[in-house]
Amino acid sequence: MTATVDLMVRAEGVRKRFGDTEVLKGVDAMVSRGEVFCLIGASGSGKSTFLRCINHLETIDSGRLLVDGRYVGYEERDGSLFEVGERELAARRAEIGMVFQRFNLFPHLTALENVTRAPVMLGRMKRAEAIETARVLLARVGLADRADHYPSELSGGQQQRVAIARALAMAPKLMLFDEPTSALDPELVGEVLSVMKDLAREGRTMVVVTHEIGFARDVADTLAFMDGGQIVECGPPDRMIREPSHPRTAAFLSRVRLASHPPD
Amino acid sequence: MTEAQVMTGLEAAYAFPVVRRRFPIGQFATGFGAIAALAFIAAVVGKSQAVEWSAIPAFMIDPSILGGLLLTLQLTVAAMLIGIALGAVLSAMAISGNIVLQTMAAGFVWCFRGVPLIVQIFFWFNIALFVPDLKLGGIDISVNAIVTPAVAGLLALGLHEAANMSEVIRAGLLSVDSGQHDACRALGMTRGQALRGIVLPQAIRVIIPPTGNQAIGMLKASAIVSVIGMEDLLTRAQHIYARNFLVIELLIVASIWYLAVTTIATVGQHYLERAFARGYGRRNAARANAAVAAEDSRP
Ligand SMILES: Nc1ncnc2c1ncn2[C@@H]1O[C@H](COP(=O)(O)OP(=O)(O)OP(=O)(O)O)[C@@H](O)[C@H]1O
Ligand SMILES: [Mg+2]
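Chains as they are written, first to last, in UniProt numbering: chain U, 1 to 264; chain F, 1 to 299.
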């Protein structure tokens, strides 16, 4: 299977339950290296849960979920899976960047310290090198002049861009975005999306949960629609937005379109 | 409320150049009444022939009183240090997710927080009654020799405080948003790294005010060691008034010292809180702008 080598994420029949409710009911997804994979779907359909399973923030109950050809939380030996130790798990997670809906910046640290803290703490870089890298990253997300500001002194859009820089500082091979613009005022959405477009253009592998259909159409290589804990339709965004094959996709898309262009 | 106050600033600026505030007659009367009442009490107390006010200054710096003050301070600081250190360990056990450690921590808190302090002091003071000696290897140690009144007092205060502090610290740790844990894990930190590097520094902000409260409580609670004959501030004052019958005077001396230390502690807490308020609330605009200006002038 030569194709497997180039797969960054490979999910097969991923199931996950919280108590009595099964949230993921057999999710299948393939994300190639360098691909931008956008995931849309109604609230509660399991998008965030699936994303959190990818970097093992949540454990899965059954199925397979491989990142870059291996399990994040397990080691396969003699056909059985064994949980890896905490340090090993942390090291593997460090290779996967994640950006959250609510930013989750460290409020007691400046923008610069937010970016440098993990690489220094984990011994990836010396302090001086980390500061150097952080300044470059902050400049790239357009925040060179906000390095010494605390999160509470930044707008939502600026905070989210710091959060992106923080994730990039670990030089991840895969970036996960969980509705990165949903908590933002409408006029701040654009600045975050444009940073993400730049990342996509660089050829980064990204899995993006979003409600921004326009962004998905412009940037995604693959658009996937999640419904009731499964990916029910998946394909090139243009085609899917123009002529969705699944009735639920069609219904969802028309609702989203109505929301973004309300008829007057 | 007058109509003018309801109007927006802009409207008011055009329509009513001056908004007249109503004279707060009610506030004024209340304040005046309170001051009058206080002055009356002060006059009654100050005029009291039974209190020999002039004796107080000398006793304030009486060597015996100062010695008692020193012991009170030592006890308070040592008991708080034990309380914070052991409390931190207990709170870490409580949130460890390990059922054995959790149960042990809960049991400790249940016991040492639930039993009155004075009972605990007598327990430690009389510990030799049920553990007469410790055998460590070949060495036989008499418990009576180790558990002096000072050790008994310190143990009682310290362990009691640990139970309280573990709850204070646990509440502080739980106050940190779960998104912070997610961010730490996603960045590749282990639980310990996240706790020490990210969660604890944020929790400290929440932990400081109740800890200051605990420290001040400890200062006063330490007076309880008088029951096992430790010579703290209150005990020394009692010794003196047993001889000269200046009861009220010496109690006032002790009270002034307790208040003085409490005041100093409160001021210290204020600065500590400020130091850990980093990143919360907006700094004054000048500093933030100065930071931008400094960035701009960078070559
Ligand atoms: N930790 C949890 N414990 C229990 N139930 C959970 C947990 N996390 C998610 N759920 C449930 O799982 C379902 C899917 O949640 P999820 O957050 O994955 O949806 P989503 O597609 O991301 O929705 P949204 O668009 O609102 O973010 C929801 O019904 C939610 O209540
Ligand atoms: Mg979600």
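It is possible that part of the hints are untrue.
[As the list claims (entries may be wrong)] Chain U is faced by these chain F residues, among others (derived, beta-carbon under 8 Å):
#1 A37
#2 A39
#3 A183
#4 R185
#5 A186
#6 L187
#7 T190
#8 Q193
#9 G197
#10 Q202
#11 Y280
[As the list claims (entries may be wrong)] Below are the SDA-like pairs computed for lysine to any residue, each with C-alpha atoms no more than 20 Å apart in a straight line:
#12 U:K25 to U:G79
#13 U:K126 to U:Y71
#14 U:K173 to U:R87
#15 F:K220 to F:L81
#16 U:K126 to U:S152
#17 U:K126 to F:Q193
#18 F:K220 to F:L173
#19 U:K173 to F:D182
#20 U:K126 to F:G197
Simulated from the structure, these hints should not be mistaken for laboratory data. Since we're looking at a predicted model, the values are computed, not measured. Glycine included, every Cβ here is placed at the ideal spot set by N, Cα and C.
Hint by hint, here is what the structure shows:
no. : hint             : in the structure
1   : A37              : 44 Å, violated
2   : A39              : 46 Å, violated
3   : A183             : 4 Å, holds
4   : R185             : 6 Å, holds
5   : A186             : 4 Å, holds
6   : L187             : 4 Å, holds
7   : T190             : 5 Å, holds
8   : Q193             : 6 Å, holds
9   : G197             : 5 Å, holds
10  : Q202             : 5 Å, holds
11  : Y280             : 6 Å, holds
12  : U:K25 to U:G79   : 24 Å, violated
13  : U:K126 to U:Y71  : 30 Å, violated
14  : U:K173 to U:R87  : 19 Å, holds
15  : F:K220 to F:L81  : 16 Å, holds
16  : U:K126 to U:S152 : 27 Å, violated
17  : U:K126 to F:Q193 : 17 Å, holds
18  : F:K220 to F:L173 : 27 Å, violated
19  : U:K173 to F:D182 : 19 Å, holds
20  : U:K126 to F:G197 : 17 Å, holds
This entry does not satisfy hints 1, 2, 12, 13, 16 and 18, going by the numbered hints stated previously.
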